[in-house]
Amino acid sequence: MKENQLLDRIKDQLARYEHWVAYLTELDSMEMEALLLLRDEIEENMWRLSNPFMELKENLRSIDNKLQRKSTLCSIKLDGYFVNKTNPSSSAWWWHLFDISDDADADRFGSLERV
Amino acid sequence: MRELRCPAPVAMLNELSRAGIARRWNHFYKDWEKHKVDWQSAVGVLSQEEYSRLPILVAESDEVELCTYIYMGRRVWGFYVRQLHLPQRGAYLSEVLIIFDPIDEEIIHCMRPDAVRPYCMRRKDFVSIRGRWRRR
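Residue numbers (numbering that gives the first Met the number 0), protein chains in the order written: chain Z, 0 to 114; chain X, 0 to 135.
Rather than coming from a laboratory, the hints here were simulated on the basis of the structure. Just to be clear, a hint being listed does not mean it is correct.
To be verified - The following residues of chain Z were derived to be distant from chain X, with all beta-carbon distances above 12 Å: (1) R15; (2) L48; (3) N50; (4) M53; (5) E54; (6) L55; (7) E57; (8) R60; (9) S61; (10) I62; (11) K65; (12) R68; (13) K69; (14) T71.
Unchecked claim - In silico SDA-like cross-links for lysine to any residue, where the CA-CA straight-line distance does not exceed 25 Å: (15) Z:K65 with X:V44; (16) X:K29 with X:E2; (17) X:K35 with Z:E25; (18) X:K29 with Z:C73; (19) X:K35 with X:E2; (20) Z:K10 with Z:W46; (21) X:K35 with Z:V20; (22) Z:K65 with X:W31; (23) X:K35 with Z:W46.
What the hints assert, rightly or not - Label pairs and their calculated CB-CB ranges: (24) X:F125 with Z:E43: 15 to 25 Å; (25) Z:L5 with X:E62: 31 to 41 Å; (26) Z:T24 with X:S93: 25 to 35 Å; (27) X:G72 with Z:E25: 15 to 25 Å; (28) X:A90 with Z:E57: 26 to 36 Å; (29) X:R88 with Z:E25: 40 to 50 Å; (30) Z:L5 with X:D103: 38 to 48 Å; (31) Z:M0 with X:I55: 27 to 37 Å; (32) Z:L5 with X:I102: 38 to 48 Å; (33) X:S93 with Z:E17: 18 to 28 Å; (34) X:I20 with Z:L48: 41 to 51 Å.
Computed from a predicted structure; not experimentally measured. Quick reminder that beta carbons are idealized off the backbone N, C-alpha and C, glycines included.
Construct the entire structure; sequences and hints are all you get.
The structure is reproduced here in structure tokens:
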């Protein structure tokens, strides 16, 4: 993928990330998982850019902050997600959040709150 | 009794098509609100009508990949198209994923997760139907 295509893709992903965060309280566990995957992919794509685009990084950080604020407000414990992202050996640690969601009676965020 | 874990591809596509036409879709409006911008760079914001037709288009696509897995204790069916043609716009949507509940016979998700394969393949008891679910 060319640099300008990658840049467009990142901008598109950021717009989607922001939109999904705005609907955080409406997301179910599958969508929440997709949201975190999207966020990871944005970061990965940013690393692939040859030039650091500070504006994009700022934009990502700003949406991250919104996500953290909102998740706190609606009791979704995502703090560990951002903390553990700094530790490469545990990069996929959060998958277990969803592996325990195999409960037909679990409420919408039950599995996420049981961290 | 209907086969849920390893259904015939034609049966899966027919059921999705029927559900799409009848608009059997739980939380359609909320889903539209959440996902209308998922393909914004390609076609802008999708109208309700366009969004509601995506399952029908996916069911008709030659390139659809099929899988089943367990989600929240239920066996669900996944339908994924890498490039979906939107005839009315003359454009393509990339990475369209639809999740269907064959017991309730309703659509439960239609969205564009970027890492769609890792997501589905990590689910409990993931089954690729006739090997059509390919790794990138």
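Comparing the hints with the structure gives:
For R15 of chain Z, the non-interface assignment is contradicted: its Cβ lies about 6 Å from the closest Cβ of chain X, within the 12 Å cut-off. No Cβ of chain X approaches the Cβ of L48 of chain Z within 12 Å, the least distance being about 17 Å, so the stated non-interface status holds. Residue placement check: N50 of chain Z keeps its beta carbon more than 12 Å from all beta carbons of chain X (closest about 21 Å). At roughly 22 Å, the least C-beta separation between M53 of chain Z and chain X is larger than 12 Å, which holds for a residue marked as non-interface.
Its beta-carbon lying about 18 Å from the closest one in chain X, E54 of chain Z satisfies the requirement of being farther than 12 Å from that chain. Every CB of chain X is more than 12 Å from the CB of L55 of chain Z (nearest about 15 Å), matching its label as outside the interface. Listed as a non-interface residue, E57 of chain Z keeps its Cβ farther than 12 Å from every Cβ of chain X; the least gap is roughly 21 Å. With a least beta-carbon separation of about 19 Å from chain X, R60 of chain Z lies farther than 12 Å from that chain, consistent with its non-interface assignment.
Even its closest Cβ contact with chain X, about 18 Å, leaves S61 of chain Z beyond 12 Å, as expected for a residue assigned away from the interface. No beta-carbon of chain X is positioned within 12 Å of the beta-carbon of I62 of chain Z; the least distance is around 14 Å. With a least beta-carbon separation of about 16 Å from chain X, K65 of chain Z lies farther than 12 Å from that chain, consistent with its non-interface assignment. No beta-carbon of chain X is positioned within 12 Å of the beta-carbon of R68 of chain Z; the least distance is around 19 Å.
Listed as outside the interface, K69 of chain Z is consistent with that label: its C-beta sits roughly 14 Å from the nearest C-beta of chain X, beyond the 12 Å cut-off. Every CB of chain X lies more than 12 Å from the CB of T71 of chain Z, the least distance being 21 Å, so the non-interface label holds. This hinted pair checks out: K65 of chain Z and V44 of chain X have alpha carbons roughly 23 Å apart, not beyond 25 Å. Only pairs whose Cα atoms come within 25 Å are accepted, and K29 of chain X paired with E2 of chain X is rejected, the gap being roughly 30 Å.
Taking the CA atoms of K35 of chain X and E25 of chain Z, the gap is near 14 Å; set against the 25 Å cutoff, the hint holds. The hinted pair formed by K29 of chain X and C73 of chain Z meets the criterion: a straight-line CA distance of about 18 Å does not exceed 25 Å. With a C-alpha separation of about 33 Å, the suggested pair K35 of chain X and E2 of chain X falls outside the 25 Å cut-off, and the hint is violated. Distance restraint check for K10 of chain Z and W46 of chain Z: the Cα-Cα separation of roughly 14 Å lies within the 25 Å cut-off, and the hinted pair is therefore satisfied.
Our distance criterion of 25 Å between C-alpha atoms is met by K35 of chain X and V20 of chain Z, whose separation comes to about 14 Å. In summary, the hint linking K65 of chain Z to W31 of chain X is supported, as the alpha carbons are separated by about 22 Å, within the 25 Å threshold. Of the pairs offered as hints, the one joining K35 of chain X and W46 of chain Z is violated, with about 28 Å between alpha carbons and a cut-off of 25 Å exceeded. A hinted range of 15 to 25 Å for the beta carbons of F125 of chain X and E43 of chain Z is consistent with their spacing of about 23 Å.
Checking the proposed 31 to 41 Å range against L5 of chain Z and E62 of chain X shows it is violated: the Cβ atoms sit about 24 Å from each other. Distance hint check for T24 of chain Z and S93 of chain X: the Cβ-Cβ separation is about 28 Å, which falls inside the suggested range of 25 to 35 Å. For G72 of chain X paired with E25 of chain Z, a C-beta distance near 21 Å keeps the hint of 15 to 25 Å intact. At about 31 Å, the beta-carbon gap between A90 of chain X and E57 of chain Z stays in the expected band of 26 to 36 Å.
For the hinted restraint 40 to 50 Å between R88 of chain X and E25 of chain Z, the CB-CB distance of approximately 26 Å leaves it violated. In this structure the hint that L5 of chain Z and D103 of chain X lie 38 to 48 Å apart at CB holds, the actual value being about 40 Å. M0 of chain Z and I55 of chain X have their C-beta atoms about 31 Å apart, which keeps the hinted 27 to 37 Å range intact. Distance hint check for L5 of chain Z and I102 of chain X: the Cβ-Cβ separation is about 42 Å, which falls inside the suggested range of 38 to 48 Å.
Taking 18 to 28 Å as the suggested C-beta distance range, the pair S93 of chain X and E17 of chain Z conforms, at roughly 19 Å. Distance hint check for I20 of chain X and L48 of chain Z: the Cβ-Cβ separation is about 44 Å, which falls inside the suggested range of 41 to 51 Å.
Hints 1, 16, 19, 23, 25 and 29 from the earlier list are contradicted by this structure; the remaining hints agree with it.
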